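Undergrad: In case you want the letters, here they are:
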Amino acid sequence: MSATNTIVSVRGVKRRYRMGDEEVWALGGVDLDIVRGEYLSIMGPSGSGKSTLFNMIGGLDRPTEGQVLIDGQDVRSMDVRQIAYLRCHKVGFIFQTFNLVEVMTAEQNVMLPMTFAGVADEPAGRRARELLDLVGLGQRYDHRPSQLSGGQQQRVAIARALANDPDLILADEPTGNLDLKTGEEIIGMLGRFTREMGKTVISATHDHKMLAASDRVVYLTDGKITAIKRQDELDIAVETITDRTARSNHDRKTGA
Amino acid sequence: MKQITVLPYSKVIQIALRSMRYRLVKTFLVTCCIALALAFLTYILCTNGMSAHLADRASEALQQRLAREGLLNQMRSANQQSQTSWMLGIALLISFVGILNAMLISVSERFREIGTMKCLGGLDSFIVKLYLVESLFQGMVGTLMGMLLGLILGYLDGLGRFGADAWVLIPPWELVRLLATTFGIGVALTVAGALYPAWRAAKMEPVDAMRSEV
Chain Y
0 MSATNTIVSV RGVKRRYRMG DEEVWALGGV DLDIVRGEYL SIMGPSGSGK
50 STLFNMIGGL DRPTEGQVLI DGQDVRSMDV RQIAYLRCHK VGFIFQTFNL
100 VEVMTAEQNV MLPMTFAGVA DEPAGRRARE LLDLVGLGQR YDHRPSQLSG
150 GQQQRVAIAR ALANDPDLIL ADEPTGNLDL KTGEEIIGML GRFTREMGKT
200 VISATHDHKM LAASDRVVYL TDGKITAIKR QDELDIAVET ITDRTARSNH
250 DRKTGA
Chain W
0 MKQITVLPYS KVIQIALRSM RYRLVKTFLV TCCIALALAF LTYILCTNGM
50 SAHLADRASE ALQQRLAREG LLNQMRSANQ QSQTSWMLGI ALLISFVGIL
100 NAMLISVSER FREIGTMKCL GGLDSFIVKL YLVESLFQGM VGTLMGMLLG
150 LILGYLDGLG RFGADAWVLI PPWELVRLLA TTFGIGVALT VAGALYPAWR
200 AAKMEPVDAM RSEV
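Those sequence lines, one after another, are chains Y and W. Throughout the first sequence, residue numbering follows numbering that gives the first Met the number 0, covering 0 to 255 in sequence. Throughout the second sequence, residue numbering follows numbering that gives the first Met the number 0, covering 0 to 213 in sequence.
For the record, the hints were derived by calculation from the structure and aren't laboratory data. Fair warning: this is a prediction, and the values are worked out from it, not measured in the lab. One or more hints might be untrue.
As the list claims (entries may be wrong) - Footprint (simulated), chain W over chain Y, 3 or more residues, beta carbon under 8 Å:
#: 1; stretch: 71-79
#: 2; stretch: 96-110
Unchecked claim - Chain W residues, not near chain Y, derived (Cβ > 12 Å throughout):
#: 3; residue: Asn47
#: 4; residue: Ser50
#: 5; residue: Arg56
#: 6; residue: Leu65
#: 7; residue: Glu68
#: 8; residue: Asn72
#: 9; residue: Ser81
#: 10; residue: Gln82
#: 11; residue: Val96
#: 12; residue: Val140
#: 13; residue: Leu152
#: 14; residue: Tyr154
#: 15; residue: Gly183
#: 16; residue: Ala191
#: 17; residue: Arg199
Just so you know, even glycine gets a beta-carbon here, dropped at the ideal spot from N, CA and C.
Using the sequences plus the hints, can you model the full thing?
TA: Structure below.
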């Protein structure tokens, strides 16, 4: 793997949290290279350190030990304005809870990262409307988050993540609060970004549907990587999981 | 390594105004809370000021009337004076607790918004400035409203007790000083009440700010 092809490099990353008097290691030494343009999923039960690793990759948290390199730059050595630049220009975040700014319309939400980047209102507004068209929000530019459904809010969040054309899209359980069909649409959209726009998509998830769209899946347990599987190694596993999901849905419907 | 540029104040003001306009009812309620606390403080300062100057600034007719009614002596008594400082203390306390509490709550509700803005590339300083502009605006409007209400009530009370003399009892320069002090107290408390939680949220890692439930 050549250096230019690696967009994120995680080297021996440990993260310790203090919970009262106790010290908890959320990550106990993780090494991971993420290739430009891939769709990577981080799987793991809650408490596995999945979110912590995800936050490290996005520069939302700093490691206690080890290095996180984004585009070859060490996150730990960055000052606040460099970190802000990273979050603004290089990374687009999508959250489980959408996290739109309540007081702003869909269009203003998408404009916000561009405002932070110093883009003037007029071109920012034009690009915001283009992006909202792209994610299929229709003409609801002036709707507030409270006037939109969960799926529509997540579409706005995706448009906002794309605002400054970042290389990296980080999605934290993006389908967690959505129904099955909307979730699939969102997954499809993320898959399209990697293929058509060359974005690198990293998602933390325990949604098995997301596996099918991923190029690689990283399995995390107790703060350590237990397996990294490529798409072709996954196929069989995905099928059994899908079968199991279908069966449990069936059981639920029949009241078993 | 590239750095983010600092947003100009005009942009901060634009975002702050938009936010206040959208939260109009809430903004208005918080502003009223500030106004009420300050109205009480202004009223107390006004009536105290008038009483304090009865001896040297009241007209002879009023002094005679007050002496006849025994009010003049009563107002000079130690008991009355300690009551006056009590009232002033309570008025200050109400302003402190009322305003700080209202601002703390209204900013704490927005921790998630602060975290989100940081994720999108907002600087800590932008967040602090945003709340500075919002609280300055709220503080000034609320304080002015409160001062106006307090003055009206104070002078109505004065007119009732001392007649037309009430207008001249407080010397102009003292009235100016009184108003300037109240204005300063009102605005300072509002800004402090907003900036402290905003600064704390801005210092947090964005994930922590988004997660914190208040």
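Undergrad: Of all the hints numbered above, which does this structure not satisfy? Sort the numbers upward.
TA: No hint contradicted; all consistent.
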